[in-house]
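One-letter residues, chain by chain:
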Amino acid sequence: MRRTRLIVQFLVVSSIAAAVVLMMGYVLDRQLAEDMPDLARIRIITWIFAGLAVLLILSAAMIQVRLVSRRIERLLAGMEEIRQGGYPRLVVDGKDEVSELMRGFNRTVEELRGRDEKLMSWAGKREKEFVKLTRTLEEEKEKLETVLDSIGDGVIVLDSESKVLMANRRVSEVFGIPLEALARADLTQLVEQVRHRLVQPDVVEQKLQDLERNPGVVDEITLELDEPGGQAIRLYCAPVRGADGKVLGRIATSLDLGRERELDRLKTEFLSTISHELRTPLTSVKGALGLIRGGAVGGISADMRELLDIALANTDRLIRTISDILDIFQLERGQGRMRMVSMSLLQSALRAERVVETQARLRKVTLDIELPEDLPAVKGDPKRVEQVLVNLLSNAIKFSPAKGKILVRGGQDGPMAVVSVQDFGRGMSPEFRDRLFQKFEHAQGALLRESQGVGLGLAICRHIAEGHGGRIWAESEQGKGSTFHFSIPAAERAGITPLLPGGQREGRPDAPRLILVIDDDEDVARVISYAFESQGHRVIAAHNGRDAIDLAKRHRPDMLTLDLAMPEVDGYTVLRALRSNEDTKKIPIICISMETEPGLAISHGADYFLEKPLDIEKLRDIADRALASIG
Amino acid sequence: MPLTRVLVAEDDPDIQTVIRLSLRMKGVKQIVITENGEDCLAQVKTVNPDVILLDVMMPRLDGYQTCERLKANPETQNIPVIFLTAKAQQFEVKKGMATGALGYLTKPFDPMTLHDQIVTLLDQKGTP
Numbered sequence: 241m242r243r244t245r246l247i248v249q250f251l252v253v254s255s256i257a258a259a260v261v262l263m264m265g266y267v268l269d270r271q272l273a274e275d276m277p278d279l280a281r282i283r284i285i286t287w288i289f290a291g292l293a294v295l296l297i298l299s300a301a302m303i304q305v306r307l308v309s310r311r312i313e314r315l316l317a318g319m320e321e322i323r324q325g326g327y328p329r330l331v332v333d334g335k336d337e338v339s340e341l342m343r344g345f346n347r348t349v350e351e352l353r354g355r356d357e358k359l360m361s362w363a364g365k366r367e368k369e370f371v372k373l374t375r376t377l378e379e380e381k382e383k384l385e386t387v388l389d390s391i392g393d394g395v396i397v398l399d400s401e402s403k404v405l406m407a408n409r410r411v412s413e414v415f416g417i418p419l420e421a422l423a424r425a426d427l428t429q430l431v432e433q434v435r436h437r438l439v440q441p442d443v444v445e446q447k448l449q450d451l452e453r454n455p456g457v458v459d460e461i462t463l464e465l466d467e468p469g470g471q472a473i474r475l476y477c478a479p480v481r482g483a484d485g486k487v488l489g490r491i492a493t494s495l496d497l498g499r500e501r502e503l504d505r506l507k508t509e510f511l512s513t514i515s516h517e518l519r520t521p522l523t524s525v526k527g528a529l530g531l532i533r534g535g536a537v538g539g540i541s542a543d544m545r546e547l548l549d550i551a552l553a554n555t556d557r558l559i560r561t562i563s564d565i566l567d568i569f570q571l572e573r574g575q576g577r578m579r580m581v582s583m584s585l586l587q588s589a590l591r592a593e594r595v596v597e598t599q600a601r602l603r604k605v606t607l608d609i610e611l612p613e614d615l616p617a618v619k620g621d622p623k624r625v626e627q628v629l630v631n632l633l634s635n636a637i638k639f640s641p642a643k644g645k646i647l648v649r650g651g652q653d654g655p656m657a658v659v660s661v662q663d664f665g666r667g668m669s670p671e672f673r674d675r676l677f678q679k680f681e682h683a684q685g686a687l688l689r690e691s692q693g694v695g696l697g698l699a700i701c702r703h704i705a706e707g708h709g710g711r712i713w714a715e716s717e718q719g720k721g722s723t724f725h726f727s728i729p730a731a732e733r734a735g736i737t738p739l740l741p742g743g744q745r746e747g748r749p750d751a752p753r754l755i756l757v758i759d760d761d762e763d764v765a766r767v768i769s770y771a772f773e774s775q776g777h778r779v780i781a782a783h784n785g786r787d788a789i790d791l792a793k794r795h796r797p798d799m800l801t802l803d804l805a806m807p808e809v810d811g812y813t814v815l816r817a818l819r820s821n822e823d824t825k826k827i828p829i830i831c832i833s834m835e836t837e838p839g840l841a842i843s844h845g846a847d848y849f850l851e852k853p854l855d856i857e858k859l860r861d862i863a864d865r866a867l868a869s870i871g
Numbered sequence: 026m027p028l029t030r031v032l033v034a035e036d037d038p039d040i041q042t043v044i045r046l047s048l049r050m051k052g053v054k055q056i057v058i059t060e061n062g063e064d065c066l067a068q069v070k071t072v073n074p075d076v077i078l079l080d081v082m083m084p085r086l087d088g089y090q091t092c093e094r095l096k097a098n099p100e101t102q103n104i105p106v107i108f109l110t111a112k113a114q115q116f117e118v119k120k121g122m123a124t125g126a127l128g129y130l131t132k133p134f135d136p137m138t139l140h141d142q143i144v145t146l147l148d149q150k151g152t153p
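Chains as they are written, first to last, in this note's numbering: chain R, 241 to 871; chain P, 26 to 153.
It should be emphasised that the hints constitute simulated quantities derived from the structure, not laboratory data.
One should not assume that every hint holds.
Unchecked claim - Calculated cross-link-like contacts (lysine-lysine; reagent style BS3-like; alpha-carbon spacing at most 30 angstroms):
1) Lys120(P) <-> Lys507(R)
2) Lys793(R) <-> Lys70(P)
3) Lys623(R) <-> Lys119(P)
Being a predicted model, the structure only gives us computed values, none of them experimental.
Based on the sequences and whatever the hints tell you, model everything.
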C-alpha cells in the first residue's frame, strides 16, 4: 500500500482551504466593489479572509494532529496492554505513517505472542523435568541418609572450608549436637562442643589445625574422653577429591572406641567365665581320679592304674586345650606378655618331659633328650618356652608308633639356639605341613585324620616363638617321620650370664642336689638359681636372714650360697646361726660378698668365699667342689 | 613336716572332698572347710590355721574380698593366704595378689601334690 504521507494530506487540505478562501474572497470582493471604495474594501476583505485563512489552516492542523494523537493514544494503550500481559490487536485504517506504525505494532504483538507461547511450552517441559529430578534427588538423599544413619559409626562430610555438608545421626549422638544444628556447624564448633569432655584438648586442637593446613592428608585423631570406661572417639579423616584431583572437602568417620573397648572387656570377661566353668568340674575329675590313682582310698591293681592313667592323661589334655583357647585369644591381642629372662633350654626340656611323662608311658614311647654342653642360655619366658616344648613333645608322642622313640636335640645357629624334636611316625604330606601353624588346621577330608589333636597348639607355639624373636618350622617325610624345630635368640653376654663352663657335661646330673640360695637382691638370687638349675640341681631361694635360717632347717639343703650383706638379719648372723644348729652345721656354705676380706667370713664358719660381682664359672667350680666334698 | 591346721573356703562340695582327702593323706591334722567367705572369716580365730586356702568364686563374699578383710584385721593379717582357683588369667592373678595373698594355685590341681605345693609356696616366701 502506498503510504500517503501526512504532510501531503496537510498540503492538500490546506490548498483546498486556501483555494476556497481565495474564491470566497474574490466573490465577496466583487460584491463589495459596488458599495465600497477600493482601499477600504481591500482592507476588510484582507482582514476577514486572512482571519478565515488562519482559522481554517489552524483547524486543519488541529484536526490532523488530533487524528494522529488519537491513534498514538491507541498505540500507547496497546503497549500498556502488552505490559499487562495481553496481546492487543489494534484496529487500523488508513495508509499514512501512523497507520503503518500501528500495523507494525500489530505484527510485533503477534510475533511476541508466538515467542511467548514457545517459551511457555519450553518452560513447561523444563519444569516437569525439574520436578522429576528433584524427586529423584530427594529419594537418593533419603536413601543416603538411611544408609548413613544405619552405620554404627559417625560420618561427617566437610567442604573445603570445614563446614558440615552432611552428617549422620551417630555424629549428632556422639557430639551431642542436634542434627539441625549440625547442618550449619563447622568443624571448630563441633570440637568446641566436646572440648570439655576431652582429656587433652590442646593436643586435639593442634592436630585439627594440622589437618586444616593439609587437607589432602589421610590421618586419624583419637579423642580421649574424660569419662569412665575408657571412652574415646577415633576420627579418620580423608580428603574428598574432584575429578581433577583437587581437594573438594573432607570426610571423617568417627569410631566409638569406647564400644570397642567395652566389647573387648566383655570378651575377656566371657572367656574368663567360660574358662572357669570348664575348669571347675575338671578339678573334681582330676582330683578324684588322682586320689584313687595315688592310693588315697586303698590299693589299686595294675589294670586299674592303667585305666586311671588314661583318664588322667586325657583330663590333662582337656585342661591344656582350655588353656590354649584362652592363650590364643590373649596372644593374638598382644596380651600374652612374656617375661623374658636368661634361661636354660635343657631345664625347660626336662620340665616338659616330666609333663608328658604319663602320656609317653601309656604309648610306650621313649624320650631321648640330649642337648650340647655349649648350648647357650636363651632369652625367654620359661613358662612359655616350656609350653612350646610340651606341645612339640605331646604331638611327637601322638604321632609316634608304639614303642617308638623321640629324639630331642639342640644346636646353635648364629645368634639363635635351636631345639629339634624328631619323631619316627607316619610323617605329614607337604600340603599339610605348609598349613600346619595356622589356627584350626583341622582340614577337610583326607587331611582330617592327619590333623587330629593338632588344632590350636601349634598356632600358639608359632605366636610364642615369634614373640621371642625366634621361629618354629617343621620338616617331614611321609612314612618316615617329622622333625619340628624351635629357634630362640641366645641371651646376650652381659655381666653375669649363666654360660656353661667348658668341660662340664650338661645333662642329667647323676646326683641332683638341693641348693639354698640366699640373697636379698631377687635378681641376683635368680641368676644364681638358674646357674645351678641348668646343671640339673634343685634350688630354693630366700631373700632375708630369717627365711634363710628357717628354710635351711626345714629342707636341709646339700649346699647353700649366702650373701653376707643383707638388711635386718645380716649374713654373719645367719652364718653363726647355721653353724650352731645341729641340723645345718655340716652344710657347705659359699659366702658371697662385695668385701674383699674373706678371713672374716671364714672365721664365722664359711667354707668358701666369692667376691661380687660374681663370676658364674668360678661359682660353679666352687659349688662342684663343695658338693663333691659331701659325697 | 606337714601343715597342722588348714582353713579352706570352697563352695563346690566335690572339690571340698578332694581337698580334704588330699590334705589328710599327707598328714594334715585339722582341715576345716567353709563354703563361703563369710563363714571362713567367722572361723578364722577359732581354727587359727597355718594357712588359708581361698577359692575366688564363692557366694556372699568372694575370695578377693575375704582376703582383703583378713589382711585388714591385725589379728588375722599374718596368716598366709593362698588362692586356689580356676580364675587364672594374668589380670586375675594380679588382682588376687594385690589383695595381699601369699600365692596362687590354679585349678585343676594335682591332688597328690597339693599339700607340697602349698608348703613350697609358704617356704619360698619365707614364712616363719
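Exercise. Are the Cα atoms of Lys623(R) and Lys119(P) separated by 30 angstroms or less?
Worked result: 17 angstroms, holds
Exercise. When you check the alpha-carbon spacing of Lys120(P) and Lys507(R), does it fall within 30 angstroms?
Worked result: 18 angstroms, holds
For this session: Compare the distance between the alpha carbons of Lys793(R) and Lys70(P) with 30 angstroms, and conclude whether the hinted pair is satisfied.
Result: Measuring from Cα to Cα gives roughly 29 angstroms; hence the hint holds.
In this structure, every one of the numbered hints holds.
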